[in-house]
Amino acid sequence: MTAAREDIPIAADEDVVRVRQIVRSFAQRAKLSLVDQTKLVTATSELARNTLTYGGGGAAVVELLGEGRRQGVRASFQDSGPGIPDTALALTDGWTSGRGMGLGLSGARRLVDEFDLDTEVGRGTTVTVVKWSR
Amino acid sequence: MTIDTGRSDNLADLLRTNTAALTARWVEVAAATLRGRLTTAELERELAELYNALLAGVDSGSRDVAAEPYAELRALLTDMSRRRARTGFSPSETAVTVYALKQAVFELIDNDAVEGGLREVVAFSRLLDAFGLQTFESYAKAREEVIDEQAEQLLELTTPVVKLWDGVLAVPLVGTLDSARTQVVMEKLLEALVTTGAAHAIIDITGVLAVDTQVAQHLLKTVMAARLMGAECTISGIRPHIAQTIVALGIEFGDITTKSSLADALRHALRRSGVEFTAAERRR
Amino acid sequence: MSAVERIPILKIGDVLLASIQVDLQDRDVLALQEDLAEKITATGAHGVVLDISAVDIVDSFIGRMFATIAATSRLFDAHTVVVGMRPAVAITLVELGLTLGEVRTALDLEKGLAILAELGERAPR
Chain D
1 MTAAREDIPI AADEDVVRVR QIVRSFAQRA KLSLVDQTKL VTATSELARN
51 TLTYGGGGAA VVELLGEGRR QGVRASFQDS GPGIPDTALA LTDGWTSGRG
101 MGLGLSGARR LVDEFDLDTE VGRGTTVTVV KWSR
Chain G
1 MTIDTGRSDN LADLLRTNTA ALTARWVEVA AATLRGRLTT AELERELAEL
51 YNALLAGVDS GSRDVAAEPY AELRALLTDM SRRRARTGFS PSETAVTVYA
101 LKQAVFELID NDAVEGGLRE VVAFSRLLDA FGLQTFESYA KAREEVIDEQ
151 AEQLLELTTP VVKLWDGVLA VPLVGTLDSA RTQVVMEKLL EALVTTGAAH
201 AIIDITGVLA VDTQVAQHLL KTVMAARLMG AECTISGIRP HIAQTIVALG
251 IEFGDITTKS SLADALRHAL RRSGVEFTAA ERRR
Chain U
1 MSAVERIPIL KIGDVLLASI QVDLQDRDVL ALQEDLAEKI TATGAHGVVL
51 DISAVDIVDS FIGRMFATIA ATSRLFDAHT VVVGMRPAVA ITLVELGLTL
101 GEVRTALDLE KGLAILAELG ERAPR
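Residue numbers (UniProt numbering), protein chains in the order written: chain D, 1 to 134; chain G, 1 to 284; chain U, 1 to 125.
The shape of chain D in the complex, shown without the other chains:
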């Protein structure tokens, strides 16, 4: 049995790629459809990049979830960066404070089943997403 949880430090570019690969393998284990795998991997790629770019690095936790007949994957991204002063604004399409197209947070939210944003200015940000098998 492979572990049902994996911790990935996010400190450099290549860690974003590692997050994508690990999330992909978890999504396959949870038997997500190809489209749902792609959506989840894309969402986590956006979030991992946010952690690196805006949070100044941090860590990701990827977990396998089981609930009755369906399975899912939960990924959370934590940083101790500056935090997000206006979450409503950050979740608006087209808003960006750095590189990217301003679709990071709002786009990621549309790609997953559950989305939770926990942020405090000066303390950091944690974003948690869940995708369930259909």
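In case anyone wonders, no lab produced these hints; they're calculated from the structure.
Be careful, since some hints might not be right.
Residues on chain D that point at chain U, a partial pick, calculated with CB under 8 angstroms [unchecked claim]: (1) D13; (2) E14; (3) R20; (4) Q21; (5) I22; (6) S25; (7) K31; (8) L34; (9) T42; (10) E46; (11) Q71; (12) P85; (13) L89; (14) G104; (15) R110.
Here are the computed lysine-lysine pairs in the DSSO-like style, where the Cα-Cα straight-line distance is at most 30 angstroms [stated by the list, open to error]: (16) K102(G) to K163(G); (17) K163(G) to K111(U); (18) K221(G) to K188(G); (19) K31(D) to K221(G); (20) K221(G) to K259(G); (21) K259(G) to K163(G); (22) K111(U) to K39(U); (23) K188(G) to K259(G); (24) K141(G) to K31(D); (25) K111(U) to K188(G); (26) K141(G) to K163(G); (27) K259(G) to K11(U); (28) K221(G) to K11(U); (29) K31(D) to K188(G); (30) K11(U) to K111(U).
Note that CB positions come from ideal geometry on N, CA and C, so glycine has one too.
Since the structure of chain D is provided, determine the placement of chains G and U on it from the hints.
Below, chains G and U without anything else, positioned relative to chain D:
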């Protein structure tokens, strides 16, 4: 053969000493309700197994269906119930098979009164009632699985992607579109674009009775996804009342090509791929 | 730190072809943008084909690369076509809300080259 367990367990003794007679009568009563859909040999095998498991449970002294001594019997009943659910028996028919043993035992008691009397009878009756109910539950679960599978198969069946012309694919949609089905259609159509290399696709919704916001959004997304892949997607056969719904819902169809009929959509697709209609056009 | 992965750029006639076969890091993406810009000026190519048939995810960063490459190549009078996008990737991009701007797309390399040839004819140089 009677084994003295040192306990006074009338019910266990009764079941053990009368094994042959009771199973035979059980098979007889149960067979009557199954109207020959199982052979007697099959039924004998099935019930003999159940009987032995029941005897083992009763022998332990426990009368609690959820207790460990009855684990094997519960497993056997679940199995039987699932098997029967899949072969089309009704849940009552399955439960009656279990209850048939009651009749067999009560008849025996009539003939040959048991010591200890009523209390044992009531306990045994309650035991079998509970097992009968368990078959109901297993049955319902098994049927649910069958329904799920069929729903999935239906989804596959009702969304054929057909080739209309070289480089032109179509999906005629019929019936009620829900969000799940629309998503399946979307994925199948896009996959087909890749495998066939067709640069035109038509989604025909002439046979669709109603669309809601979600479904309309899915259709739009399909068209946009096809475009991202480098193919053109037309929606044809939008009925007047569906068009009204779309407008009322405030859904923007934007620059997406819509045609009133599949024929118009095909003509459009062919024109776009450079096919000319000479004879047909002149006659009009 | 691993080295920057350089995507090979092939030249076919006056078209440049970059086929992305690996999971791209952000700096690989930036390197490809630079390499393509240099190669377009060096060769005077009139078209760029980005083959992403082996790419299993496109996020907003990679998506922006397509748009940037297209915009840059327009400055050198070249068109860009992205070919071979997988259905799951396309569905995800639509959901993400990403549009590719003036990037043209085609189902496969052959159709991509045909689009470039047509665009080249329309605007003879």
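Hint-by-hint comparison with the structure:
1. D13: D13(D) check passes; min Cβ-Cβ to chain U is 5 angstroms, inside 8 angstroms.
2. E14: holds, 6 angstroms
3. R20: holds, 6 angstroms
4. Q21: Since the shortest Cβ distance to chain U is 7 angstroms, the answer is holds.
5. I22: violated, 12 angstroms
6. S25: Nearest chain U Cβ about 12 angstroms off; hint violated.
7. K31: Since chain U brings no Cβ nearer than about 15 angstroms to K31(D), farther than 8 angstroms, the hint is violated.
8. L34: Result: holds, 5 angstroms to nearest chain U Cβ.
9. T42: holds, 5 angstroms
10. E46: Holds, about 5 angstroms.
11. Q71: violated, 19 angstroms
12. P85: violated, 22 angstroms
13. L89: Violated, because the Cβ-Cβ distance from L89(D) to chain U comes to roughly 16 angstroms (cut-off 8 angstroms).
14. G104: holds, 6 angstroms
15. R110: holds, 5 angstroms
16. K102(G) to K163(G): violated, 62 angstroms
17. K163(G) to K111(U): holds, 19 angstroms
18. K221(G) to K188(G): holds, 14 angstroms
19. K31(D) to K221(G): holds, 24 angstroms
20. K221(G) to K259(G): With a Cα-Cα distance of about 18 angstroms, the restraint between K221(G) and K259(G) holds, given a limit of 30 angstroms.
21. K259(G) to K163(G): holds, 18 angstroms
22. K111(U) to K39(U): holds, 23 angstroms
23. K188(G) to K259(G): holds, 22 angstroms
24. K141(G) to K31(D): holds, 22 angstroms
25. K111(U) to K188(G): Roughly 21 angstroms separates the two Cα atoms, so the pair holds.
26. K141(G) to K163(G): violated, 40 angstroms
27. K259(G) to K11(U): violated, 41 angstroms
28. K221(G) to K11(U): violated, 35 angstroms
29. K31(D) to K188(G): Since the Cα atoms of K31(D) and K188(G) sit roughly 18 angstroms apart, the hinted pair holds (cutoff 30 angstroms).
30. K11(U) to K111(U): holds, 17 angstroms
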